[in-house]
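Residue numbers (the working numbering), protein chains in the order written: chain A, 1 to 148; chain B, 1 to 148; chain C, 1 to 148.
One or more hints might be untrue.
To be verified - Listed next, the in silico BS3-like pairs over lysine-lysine satisfying Cα-Cα at most 25 angstroms (straight line):
no.	chain 1	residue 1	chain 2	residue 2
1	A	K43	C	K43
2	A	K43	B	K43
3	C	K43	B	K43
Said to hold, decoys possible - Some but not every residue of chain A turned toward chain B, in silico, with C-beta under 7 angstroms:
no.	residue
4	F50
5	T54
6	Y87
7	H89
8	I101
9	S108
10	E109
11	E142
What the hints assert, rightly or not - What follows is a list of derived Cβ distance ranges for each label pair:
no.	chain 1	residue 1	chain 2	residue 2	range
12	A	P66	C	G93	18 to 28 angstroms
13	A	R70	B	T16	38 to 48 angstroms
14	C	T134	B	A86	15 to 25 angstroms
I should point out that these hints are in silico values taken from the structure, not numbers from a laboratory. None of the values given here were measured: they were computed from a predicted structure. The beta carbon of each residue, even a glycine, is placed where N, CA and C say it ideally should be.
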Amino acid sequence: MVETKTESLVNSSISTIEISTPGRGFQEISGELQEFVRQSGVKIGVCHVFLRHTSASLLITENADPDVRRDLENFISALAPDGDPAYFHRMEGPDDMPAHIRSVLTCSEITLPIRGGRLALGTWQGVYLWEHRTRPHQRRLELTIIGS
Amino acid sequence: MVETKTESLVNSSISTIEISTPGRGFQEISGELQEFVRQSGVKIGVCHVFLRHTSASLLITENADPDVRRDLENFISALAPDGDPAYFHRMEGPDDMPAHIRSVLTCSEITLPIRGGRLALGTWQGVYLWEHRTRPHQRRLELTIIGS
Amino acid sequence: MVETKTESLVNSSISTIEISTPGRGFQEISGELQEFVRQSGVKIGVCHVFLRHTSASLLITENADPDVRRDLENFISALAPDGDPAYFHRMEGPDDMPAHIRSVLTCSEITLPIRGGRLALGTWQGVYLWEHRTRPHQRRLELTIIGS
Chain A
1 MVETKTESLV NSSISTIEIS TPGRGFQEIS GELQEFVRQS GVKIGVCHVF LRHTSASLLI
61 TENADPDVRR DLENFISALA PDGDPAYFHR MEGPDDMPAH IRSVLTCSEI TLPIRGGRLA
121 LGTWQGVYLW EHRTRPHQRR LELTIIGS
Chain B
1 MVETKTESLV NSSISTIEIS TPGRGFQEIS GELQEFVRQS GVKIGVCHVF LRHTSASLLI
61 TENADPDVRR DLENFISALA PDGDPAYFHR MEGPDDMPAH IRSVLTCSEI TLPIRGGRLA
121 LGTWQGVYLW EHRTRPHQRR LELTIIGS
Chain C
1 MVETKTESLV NSSISTIEIS TPGRGFQEIS GELQEFVRQS GVKIGVCHVF LRHTSASLLI
61 TENADPDVRR DLENFISALA PDGDPAYFHR MEGPDDMPAH IRSVLTCSEI TLPIRGGRLA
121 LGTWQGVYLW EHRTRPHQRR LELTIIGS
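All chains should be modelled from the sequences, with the hints used to inform the complete structure.
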């Protein structure tokens with residue numbers, strides 16, 4: 001442990017982000033989140049990000065080589081294949097149940113630390129919205145900052 | 001981003017929920033969580049839910065069609081089969097190690113946003129306790145609300 | 001629900017932990033986290049732990065029988081094998097992409113409840129840093145306590 005600091009904690013900020021996805025794939029949202037933190041004026045604390053959907057995910061992963069996301073997509077597609085005849089839930093098509101499985105195996109919500117007025121992400125960490133449905137969707141995120 | 005709001009943050013509420021599970025399966029706890037938020041009087045903030053066990057999970061998933069949970073159970077049972085001879089840890093039976101694997105692949109704790117005095121879950125989002133052991137268990141959750 | 005308590009919330013504490021890993025495997029950090037909570041003086045609230053890397057994980061799992069971690073390692077190694085020819089991302093060797101997959105299937109950040117000045121972990125819950133790379137790495141955690 002290299003540093004401990006205690007101070008009064010008196011602010012919260014909330015916001016909503018709406019994102020239009022073009023279908024299955026990744027959209028980086030690190031920039032939007034950093035901007036929200038900047039606007040809040042909070043220097044130290046946490047930023048909570050919540051996705052109000054069960055067929056997409058929030059993801060923290062490597063932000064430099066697009067092949068990482070390509071491999072993640074290939075991996076999860078093989079693990080929970082579209083159109084698997086084993087699924088009972090297929091109301092909305094072959095990508096319906098796989099989207100729920102992908103959501104459960106990854107994250108619907110994440111909390112990120114704020115330090116010096118910015119998200120303290122590692123150099124290689126990006127935050128992504130991972131759309132699991134093949135068709136375009138409108139996705140809504142609820143953001144909450146708590147800090148000082 | 002459509003809305004940003006800053007205000008003083010001065011309240012926390014805590015609670016404990018004990019749940020008796022009848023064995024492997026899902027129990028929705030969204031109602032209990034909403035009631036706790038209501039009682040706390042907090043209008044804006046977050047509600048943290050923590051499961052004090054390593055052989056059950058907390059889950060956010062689709063709340064309308066029970067086939068989604070049936071497919072999730074089938075999927076994870078196939079991924080981490082009971083009684084797999086590869087497991088070294090089998091003290092408490094064939095469902096012992098699979099329960100720990102299921103716990104690690106899903107969640108032990110979740111944070112949910114509070115807006116307008118209620119959890120801001122999406123329309124199709126339900127919060128579930130997912131029991132992974134085949135026999136009945138007593139499960140304990142620690143709830144913490146931070147907000148104003 | 002057995003207990004609800006509301007009080008003013010005025011403190012935050014932050015810290016950074018640096019951990020040297022000897023390569024793939026598990027290191028328990030529950031003791032370090034408990035010590036940070038003790039030093040903060042916070043009695044009720046939450047402790048957020050954030051890993052600034054995408055090729056290692058934070059893990060809550062059974063802390064008594066080392067065979068549980070051995071089985072977890074075997075399970076995930078079989079699910080995302082090193083050197084799989086399907087991976088496009090292999091800049092840093094055969095364990096590079098599997099490390100990112102393992103990170104995505106588990107957790108990069110966790111929030112833990114504080115009660116009575118200690119983390120309210122279950123009896124059998126330990127918190128671990130799970131190194132996914134085969135060679136030694138330096139890992140950094142950002143800790144944030146919010147409570148009173």
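So, against the hints stated earlier in the document, which numbers end up violated here? none
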